[in-house]
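Engineer: Read off the chains here:
Protein chains: 4
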Amino acid sequence: MENTMKAIRTAIFGTGFMGRVHLEAARRVESVEVAAIGGRNAAAARHLGESFSVPTIATDYREILRDPAIDAVHICTPNAQHFSMTKDALQAGKHVLCEKPLATSVEHGEELVALARRQEVRNCVCHNLRFYPMVQQMRRMREAGDLGEILVVQGTYSQDWLLYETDWNWRVEAEAGGPSRCMADIGSHWFDMAEHVTGLQVTSLCADLQTFHPTRKRPKHAVETFANKILGAEDYLETAVDTEDFGAVLFRMGGGARGAVTASQVSAGRKNRLSLEIYGTRSSVAWDQERPDELWAGHRNAANQIFVKDPSLLKPAARSYADLPGGHSEGYDDTFKQIFRRFYGSIRDASIGQHGGASEYPQFVDGLRQLTILNAALQSNRTRGWVDVPAPGSKE
Amino acid sequence: MENTMKAIRTAIFGTGFMGRVHLEAARRVESVEVAAIGGRNAAAARHLGESFSVPTIATDYREILRDPAIDAVHICTPNAQHFSMTKDALQAGKHVLCEKPLATSVEHGEELVALARRQEVRNCVCHNLRFYPMVQQMRRMREAGDLGEILVVQGTYSQDWLLYETDWNWRVEAEAGGPSRCMADIGSHWFDMAEHVTGLQVTSLCADLQTFHPTRKRPKHAVETFANKILGAEDYLETAVDTEDFGAVLFRMGGGARGAVTASQVSAGRKNRLSLEIYGTRSSVAWDQERPDELWAGHRNAANQIFVKDPSLLKPAARSYADLPGGHSEGYDDTFKQIFRRFYGSIRDASIGQHGGASEYPQFVDGLRQLTILNAALQSNRTRGWVDVPAPGSKE
Amino acid sequence: MENTMKAIRTAIFGTGFMGRVHLEAARRVESVEVAAIGGRNAAAARHLGESFSVPTIATDYREILRDPAIDAVHICTPNAQHFSMTKDALQAGKHVLCEKPLATSVEHGEELVALARRQEVRNCVCHNLRFYPMVQQMRRMREAGDLGEILVVQGTYSQDWLLYETDWNWRVEAEAGGPSRCMADIGSHWFDMAEHVTGLQVTSLCADLQTFHPTRKRPKHAVETFANKILGAEDYLETAVDTEDFGAVLFRMGGGARGAVTASQVSAGRKNRLSLEIYGTRSSVAWDQERPDELWAGHRNAANQIFVKDPSLLKPAARSYADLPGGHSEGYDDTFKQIFRRFYGSIRDASIGQHGGASEYPQFVDGLRQLTILNAALQSNRTRGWVDVPAPGSKE
Amino acid sequence: MENTMKAIRTAIFGTGFMGRVHLEAARRVESVEVAAIGGRNAAAARHLGESFSVPTIATDYREILRDPAIDAVHICTPNAQHFSMTKDALQAGKHVLCEKPLATSVEHGEELVALARRQEVRNCVCHNLRFYPMVQQMRRMREAGDLGEILVVQGTYSQDWLLYETDWNWRVEAEAGGPSRCMADIGSHWFDMAEHVTGLQVTSLCADLQTFHPTRKRPKHAVETFANKILGAEDYLETAVDTEDFGAVLFRMGGGARGAVTASQVSAGRKNRLSLEIYGTRSSVAWDQERPDELWAGHRNAANQIFVKDPSLLKPAARSYADLPGGHSEGYDDTFKQIFRRFYGSIRDASIGQHGGASEYPQFVDGLRQLTILNAALQSNRTRGWVDVPAPGSKE
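Line by line, the protein sequences give chains A, B, C and D.
Heads up: the first sequence runs through residues 608 to 1003, numbered per our numbering.
Heads up: the second sequence runs through residues 608 to 1003, numbered per our numbering.
Heads up: the third sequence runs through residues 608 to 1003, numbered per our numbering.
Heads up: the fourth sequence runs through residues 608 to 1003, numbered per our numbering.
Heads up, some of the hints might be wrong.
[Claimed, not checked] Under the rule of at most 30 Å between Cα atoms (straight-line distance), these lysine-lysine pairs were calculated in the DSBU-like manner:
no.	chain 1	residue 1	chain 2	residue 2
1	B	K827	C	K694
2	A	K827	D	K922
3	C	K824	C	K694
4	D	K922	A	K824
5	B	K922	D	K694
Hints listed in this document are in silico derivations from the structure and should not be mistaken for laboratory results.
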C-alpha cells in the first residue's frame, strides 16, 4: 500500500499550555505532520517531542524557520513575542497560525497584515472560540435571517483565576502580555465573536477599565497560565501592576444595534464564562462557553428553544463544525481541531478564499481588527468618553 | 368570641392589573381590611368591589380621601397620576403606599418626600422586587461579609412585550408614563435592587438610550398592561414615540465598584428577566427573577452554590421573607404580601424605624433616589458622557 | 352602592401550615367569605381568626357544621382525621374540600365517594399541584395531540426534610398519617399528576418500598410540618417507625405506556422536586416543581423548547390557570387560588360538570383513585411482584 | 536529537464512527503510534490510513495480528464480532482494548476473561464514560465519605435517535448487535458507571423491557450509527425487530441501597442524556452527560453546589482526569484520550495493578459484569419478577 497524500509539515513554537493544545489538535487533523517543536525551555521541548515522535526539536526557533521542508508554523509563545516571531516566519515564507493577540499594537498588527499579503502565505489568528458548533449555528441563523435586524448585543467574558492579590501570571506584566490584559486576553475573544456572529462592526464605544489590584504578590518561581490556583505556599514579591482586571464597554454597531459587555478576571465562580446574547427583531440567541453544546433561542410569540448540539438540528452551513452525534459533547480542544482543519485545508487548496470568497477562519486582518477595537477602548478609558472605532481596511 | 385586634382600613386607587394584585395581596395580610376602591372605570371598580365585599366604591378618589375611617391608600394608577394622587392622600393625612415611580420628575419626588415627612405618615414606594426571599438572602449575605468588598455589579432587566411595532400600552406615551419608559419602568427596579443589596450607591454613570421604534401602531381601543400579546386583529393609528425601548448604562458605585446594566423591552424570549450579579473579593451572587427561588453563589476556591429557597438555609435576617417550606415556590404575588405586611406593621407599631433604625421597606426617599438616578441617565444620554449622580439627601 | 353578589360562607378546619395556606388562598377568591375556623389548638385558632376578622372560632368543628349559614368546609387536619371529619361535613350537607389523602384506606375512600354522591354536594380533594399553569399546559398539549401516543412516563418526587434520624413529624407515625408515608404524601401527588396529564391510567405496577430509618428520635414537643429543619437542640425519644422513607415503582399504563418513578423524603438537596417527564411518539414534555414556571418540550427533529410561563404562549385551555403576565412567577400558594376558584365556581353554578362534563378540579373519586394505586403499591411491596391496579369505578 | 522513548505500536480494527474516534484519540496519547488499520471496507480503511500516515492497511484483520511488531489492538467493529476478534487478538498475544459490549453472551465474556488472564496481556473494555472528570469527582467524593452511606441511586440513559419507525441501524438487528439493544448499548454504560461511582454492586433487579416498534422500515442502503437523522428520502424494507427500545429497572445494591433506572432510545429531545443521581446519608451528587463539565452536589443543611469543572476544585485523585483549566470544556472525545492514556500506561509499566492494586481502567471482568447484569434483566423481563444478580467472580 502506498500513501499518496503528502502531509503538510508544521512546527509548533512554544511548549506551554497552548503549545500542548496546538500539538494535540494538529495531530487530529488529516494530512498534517508535526515535524518540529521550538521552545526556549529545552527540557519541555524535548519531552514533548519525544512523546509524540516529533523529529526536530530546537531551542532557537529560527533554526526551524530555515528548514525548507517546514511548510507552516504555530506561534504559541507569550503575547509580546508574537510580532517578531510571526514576522520572521512570514519572511521565511511559512504559512503562519498565530495565537491571539496578533501583536501588542495596531502598528505591529498592520505590518504583519501587509507582510503576509506580500508573502502570499496563509495566515490565521487563533480566535478558536468561533469554532464551537453552537457559535457557528448562531452565525448561520443570523445569516439566514432568523434573527431579523439586530437590536441589542450584550454579554460578558468572566473568569476568576486572577481574583486574588496572590494570583500571578506573565499576562499580568505589560512587558510580556502587552499594555492591556483583561480586554486583550478575553475581551478580544468576545468582540471577535460578536462581530463574527452578527456580521456587524463596532462603530463607537465607551469603556471603563479598572485595575482592582494595583499591586500583586509575584511568586519567585514561574507559574503556568491558569496553574496558579493549585500552587502551594510560596514566597512572593510585591509588584506593581499596570494591566486591567476588569473592563466594561458600551458600544454601537453598524445598523443601529446597541451593546454592552464586561470582561473580568476577578469574578468569583466564573471559570470561563463567555456569554453572548443577540436580540433581533425576529428572535434572539444566547450562548455561554461554560455550556458550549447548548444554544438558547428566544421568541416573542412562541416558546423559547434550547438546542442541544446535534448535527441533524444545525443549519447545513454549521453542520461541518460538529464531528460528533447529538449530545456527544465537543469541547475546547475540539475547536482547535476545527480551526486547524480549515487552515490546513486552505494551504492544500490554493483556490479557497482567493477570489473574494469568505474566509473560513480568522485571518491576520481579524487579529488587527481586535487590536483596533482594543486601542479605542484604551483611549476611551483615558479620555472618559465615547470614541469612534475606525472601520477595518480592505481585505484581500 | 371577640375580635380584639382592630384592622387597618385601607383603600386601593386603580383597578387595572396592579390594582387587582394589590387588592389580593392586601387581603393576605393580617389585620388589614380593604375598605374602599377608587377607579375612574366605574364598572371595573364595582366588579372588583362586589367580588371582594369591599363596602365603598368611588369613581372620584377624593371622596375616599375625605372618609376619616380610611387609614391608608394604595396608589395603583398610571405613572403620571402618582404625584397628584399621592399629594392629595398625604394632605388628607393618609398613610400612602405608591406604586413606582413615585413621580415623573425629581422635583415632584422631592415635594412628596418633604410632604410625607411633615405629615408624619408612613410612606412606601412599591419596589416589591426587593421582597423575593432570595433577594433578601443576597442582601443579608453581603451584610454578613460573605461577599467581601464588592468589585463588580452587572445585569439586565429584559422583557419582550414591546418588541413589535404593533405593541402598545399607556407606558409608551410620555404623557401618561413620563419622559422615560424602559429605564423608569424596569431600569429603576434594577438600580433599586442593586443599591439595596450592595448597600452602595451609584456615584456616576454613562448611559446610552435608544428608541428602536420611533413610531408605533396604536390600537384604537384601550389595552391593559402586558395584555397586548393576546390581542386579536385591530385597527391601529401610526403614532410617534418619544420614550426609549432600551438603555445601557456603565456606572461606578461608592467603594470602587464598577458596573454595567442594560434594560430592554424589546428582547425576544425574555419575559421578565431581572438578572443581578454581584462579584466581591470573597464570593459572588447572581439571581434571575425568572427563577426567583434560586440563588447562585460563586466561589473561587470551592464549588459554586445554588440555593433552592428553603427557610432553613436562609440567613436568619432573611428568613421572615419566606412563608413556605423549602422548594415550595414563592412568586411575584408573594412579594406584595411581604412588602404590605411590613408597611402595615409600621402603621400599627409607631416605634418601627423612628430612631434611626433601618427601614424595613422602600420609602418615598427610595422612590426619589430612583428619580435622581434616572435623571442622571437621561442627562448622560443627551450629553453623551459621564454624569455624576448626587448622593441621596438625609433620611429621617 | 350595593353588593349584589352573595359570598359563599366557608370554614377552615385545621390551623397548621395547610390551614393557613387555605385561609390565605380562600381570601383571594371572588365571592368567598371565610366565616369560621375550627381548631383544637384554641390559641392558634383564635390568633388566625382575629388576624383575618373571621367571626366564628371553635375548638369543636362540629359546632361549625351545625351552623346552617356555613356552605362549605376545608379539611386541613392530619390525615387520620380526614375520613371522620369529611363524613361529618357531608352528613351536615356541606360542600367539602378535603386535603389529600382523602382517607387512609380504600374502604373509607369509597364510603366518602358514595356519601358525597348521595348528598349531592360539591367535593374536592386538594391535588393542588395540577394547578400550576405549566402542568395544565402539559395536559392541554397532550389533549391537542402534540405528544402523539405516549410511550414513557417517568420522574420522581424527592424531598430531604426527613433525611436525618432526628427528623420527626406526625406524618412519620402510621397512627396519625396512615400506613404509608412517602408514597401516600408525595407519591400520590405524582401519580395524580401523571394520570391527569397523560389521560391514561396505571394498569399494573411493581413497587419496592424502604424504611431507611427503622427508628427515629422523636422530639418531646410538637413540631410543625416542614419545621423540623430549624429546630434547636432538643430532647428526643427513640421511636420505631413503620412508614416508608422511599419507594420506587415500575408501572404500565393503558395504551402501552411504560413508566418508572421514585418517591423519597431522604434525598439530600431536593427540597420539593416533583419531576414529571412524558415521552410520546411526536414530542416530549418535562416539568419540575422546583422551577414551576418553566416547561421543557423535547423534539427529535427540531430544537427543544423551554416555555417560560406566559399566558400568550399557553394553549387557550391552559390560559385561565395563569393570572400574571409572562415571567411573573406564580408559585405554590397560587395553585390553591386556582383550585379554590374552580371549586367555589362549581358551588355557585350548578350546571358545571353535571352532565358528563369533565370536572374542573380533582374530586373525591380522584382521591379514591390514589388510595387504590397506593394500595396496589403496598401489596406489591409485600408480595415482591407485579400487581394489577383496578380501573376506577364510574363517575357521576 | 534522538528519540529515546519507544512508542507502542497499535492497530485499529473498524473504520466506522467509533474507529475514527479511537484513531484520533490514540494520536493524542504520548508514545503511541497507530501503525495499522483493519477494515472490511477497503476504501474507508485506505482513506483513514492515508489521512493519518498509517503505514499498514488490511481488509483482513488477521494479517495485522500476525505482525509481531504490533503490540496492541482496538476492537471497534459491530458487537457480534467483538468476541471472535478479541479472541483472535488475545491468542496472537496482543494487548486488547475492546469496545463495549465485550461479547453478546455471558459465556463468551467468561471465555475472554479467562483467556486474557492466561495470555497475561492488558485488557480493557471501553467504558469510556467513566473518564469524564466529573464522574471521577463523584467517585472520589464517595470514596472520601462525602456522601455517607448510599441510600438511593437513580437516573436514566435516554436518547431519541431510534424514535421513528424509519430509524434504522445495525444495532436494531439481534444478529449484528446481540439479543438486547437499548439495555446493552446504553443501559450497560449506566450500570457500569453506577457501580464504579458507588463502589456497590447490584444484588437483585426487576426489569420491564419494551419494543415499541415491533417492525421498522429498514433502508436498502447502509447507514452509519447515529447518521440516520440526516437521511434524505429512501426506499425501506419492513423488517421485524426483536431488540428492545426501552427498559425500566428497579434494583437493590449491596449496603441496602435502592435504585431505579430507565434506558430509552425513543425519548424525543434527549440526545445523549445519561443522568446519574446518588443520594447518601450525608449528601448527594447528580450528573448529566449532556452537561458533562457540571456536577451537582445536594445538601440538606447547606446550599447545594454546582461544580464547574476546574482542576483546582477536584479531589486530588480526580485531578489527573482533567487536562484543561477551569471552564474549558472537555467532551466526549476527551474521555477516550483519558482511558487510552491509562491503558497504554499499563502496557508500558508492568507494575501497574499487578499486585492487587485497583485497576485504573475498566477491564474484561468489568465487561463481563455488565453482561451478567444484562442477563439478569433479560431474565427478569421474561419471568416478570425479581431476579438475583450473581456477584462478580474473583479478579486477578
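Engineer: Is the Cα-Cα distance between D/K922 and A/K824 30 Å or less?
Structural biologist: Holds, at roughly 27 Å.
Engineer: Take a quick look at whether B/K922 and D/K694 sit within 30 Å of each other, Cα to Cα.
Structural biologist: With Cα atoms ~63 Å apart, B/K922 and D/K694 exceed 30 Å; violated.
Engineer: Holds or violated: C/K824 and C/K694, Cα atoms, limit 30 Å.
Structural biologist: Violated, because 34 Å separates the two Cα atoms, which is more than 30 Å.
Engineer: Given the hinted pair B/K827 and C/K694, is their Cα-Cα distance within 30 Å?
Structural biologist: violated, 56 Å
Engineer: Taking 30 Å as the top limit, are the C-alpha atoms of A/K827 and D/K922 close enough?
Structural biologist: Holds, at roughly 27 Å.
The structure is inconsistent with the numbered hints 1, 3 and 5, although it conforms to all the rest.
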